[in-house]
Amino acid sequence: MSVDAQITDDMATIRGAGVDSIVEVRGVSKFYEPDTQALLNINLEFPRGEMTTLLGPSGCGKTTLLKIIAGLLEQTEGEVFVNGMRIKGPGPERAFVFQDFALMPWANVIRNVSFGLELRGMPKKERYDIARRYIAKVNLTGFEEKFPHELSGGMRQRVGLARALCVDADVLLMDEPFSAVDEQTRRQFQEDLLSLLQIEEKSVIFVTHSIEEAVYVSDQIVLLSPRPGRVNKMIRPEIDRRGSADEIRRDKRYLDTVEEIWHELRDYLE
Amino acid sequence: MSSSSVNLLERTGHPRFRIAPVRLWQLASVIAVFMVWEIAGRVPISVAFPTFLDTMQALWTMILDGRMAKAYAKTLEPLVIGIGLSGAFGIAFGILMGLSKKFQWIGEPIFVVMQAAPMAALIPLVTFIYGIGVAAKVVAVVILAAPIIVLNCYRAVRNASPSLIQMAESFQGTRLQTIRKIIIPDAAPMMFSGLRLGVAAGFIGVILAELLITPNGIGDLITYHRSVAEYADMYAAIFSIVCFSAIVVGLLEKAEVVLFRPEKKGG
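Chains as they are written, first to last, in the numbering used here: chain A, 1 to 270; chain B, 1 to 267.
Don't read these hints as lab results, they were simulated from the structure. Misleading hints may appear alongside valid ones.
The calculated lysine-lysine pairs, modelled on DSSO-like cross-linking and capped at a C-alpha distance of 30 Å, are [stated by the list, open to error]: (1) A:Lys146 x B:Lys102; (2) B:Lys102 x A:Lys124; (3) A:Lys252 x A:Lys88; (4) A:Lys137 x A:Lys125; (5) A:Lys146 x A:Lys124; (6) B:Lys70 x B:Lys181; (7) B:Lys254 x B:Lys70; (8) A:Lys88 x B:Lys101; (9) A:Lys88 x B:Lys254; (10) A:Lys146 x A:Lys125; (11) A:Lys252 x A:Lys233; (12) A:Lys137 x A:Lys124; (13) A:Lys137 x B:Lys181; (14) B:Lys101 x B:Lys181; (15) B:Lys181 x B:Lys102; (16) B:Lys101 x A:Lys146; (17) B:Lys181 x A:Lys125; (18) B:Lys70 x A:Lys88.
Across the chosen pairs, the derived CB separations fall in these ranges [claimed, not checked]: (19) B:Asn159 x A:Glu145: 48 to 54 Å; (20) B:Glu253 x A:Glu33: 42 to 48 Å; (21) A:Glu33 x B:Pro118: 38 to 44 Å; (22) A:Glu260 x B:Glu253: 55 to 61 Å; (23) B:Leu176 x A:Glu33: 52 to 58 Å; (24) B:Glu253 x A:Pro57: 45 to 51 Å; (25) B:Glu108 x A:Glu33: 22 to 28 Å; (26) B:Lys102 x A:Gly89: 21 to 27 Å; (27) B:Lys101 x A:Ser179: 31 to 37 Å.
Where is the CB? At the ideal position from N, CA and C, for every residue including glycine.
The task is simple: from the sequences and hints, build the whole structure.
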């Protein structure tokens with residue numbers, strides 16, 4: 001009960017602040033077969049222009065929730081609104097970045113990046129021009145003609161990110177985008193993502209199981225607890241991001257928030 | 001290859017030094033088989049078993065006097081027609097089975113049974129329906145090749161990457177776009193290997209048909225020379241068809257790598 005009270009409190013503060021939500025999740029539950037509850041009564045608001053992280057241990061349904069928001073999975077109960085409109089399946093205002101990159105191995109980088117536009121029937125020259133712009137933004141210029149197997153994991157995910165940026169969606173949905181790349185690449189990627197998002201003005205919903213990653217990149221963290229997945233806590237790290245990456249990682253607020261989340265998570269690991 | 005930042009690529013250049021010994025060992029294995037054959041023929045293990053060199057000589061004579069060319073023309077005609085038919089219909093039907101549950105339910109039992117059963121046993125029956133002409137041989141090729149081609153296509157389509165399909169869906173691709181741009185390209189390598197295995201089965205079908213029902217082509221060269229006790233000629237015919245089908249299937253395998261598997265290229 002106390003957990004529920006806490007959620008309501010947090011939700012109230014967010015609403016009270018008069019935040020404009022881009023994505024709203026109302027009473028969403030997901031059951032697989034009668035007995036398996038993946039998600040139970042999720043109520044969330046995702047503020048426009050912010051990076052919100054869904055954080056939790058495996059089995060808490062964070063990817064399931066993200067895929068429901070993407071329209072790739074159907075919820076058993078509840079509704080999802082994007083820009084105030086109830087969603088029925090995927091839409092042009094949302095773009096997904098996949099954990100396993102989901103690049104077509106038979107297509108080169110530029111075709112992969114422009115694939116979303118290709119599906120919309122945009123002429124080749126036009127979509128390749130747009131793709132080249134985003135390939136440059138993710139620092140892959142010169143690799144347009146390479147194939148995915150010729151790229152490292154980090155570079156492949158840059159292709160996945162460029163593809164999602166290409167379709168000019170309002171919301172980026174990122175499913176553990178860095179979990180398949182090594183730690184150095186991951187940190188570099190996090191920084192690049194943050195600076196890219198400052199220019200692009202996207203709202204991002206980001207799924208991760210890494211506490212440090214969540215605290216480092218997020219404006220708002222949604223802590224999910226497992227079996228069934230439910231919202232346990234909302235945290236706004238409020239970290240001053242003007243400093244360098246190293247300064248942020250030594251920042252007291254950063255370290256305290258990491259510690260706080262770790263204590264929360266440890267409770268339901270036991 | 002020119003970009004220095006892609007270290008992965010540079011490493012693929014390395015095994016080139018190891019290819020030479022591999023080829024040498026492969027050649028050694030072929031030579032060893034021929035030597036054993038030569039020795040066994042000289043012992044001799046049977047009067048009906050010619051030496052390797054006698055066989056090669058017979059092969060050479062048969063190539064020069066045109067008997068080989070004539071036999072191959074007879075054998076390849078039904079093979080090409082049969083593979084063409086099973087390829088076209090098999091791939092189409094296999095894709096339908098992969099995409100639609102109804103086609104899957106109709107097709108799966110038939111083709112699984114056809115693939116598992118010794119279909120060669122049905123070849124004599126083919127004579128009752130199709131006589132002993134080209135049609136009978138084509139049917140023999142089809143009943144052996146089609147199940148393999150259909151089932152491979154079906155499995156290839158069913159195994160198309162769910163993550164890529166979801167990706168197309170997330171970018172609002174239509175069902176038709178997903179099939180054309182994701183499922184078929186993703187299934188293509190496995191469908192092509194099905195075709196290759198189908199060709200290998202088609203060779204078995206056509207030779208069986210020639211041995212069992214229709215006396216012409218390579219199969220006839222084998223039976224005829226056995227009946228008149230010209231064993232070197234008989235083995236020459238066998239040797240040639242073994243080499244021919246191995247080369248054709250090998251070339252198809254090469255084509256598969258070049259066409260569909262960019263990650264295996266340039267090794």
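**Prompt:** For this structure, which hints from the list above don't hold up?
**Reply:** 1, 2, 3, 6, 9, 16, 18, 19 and 23
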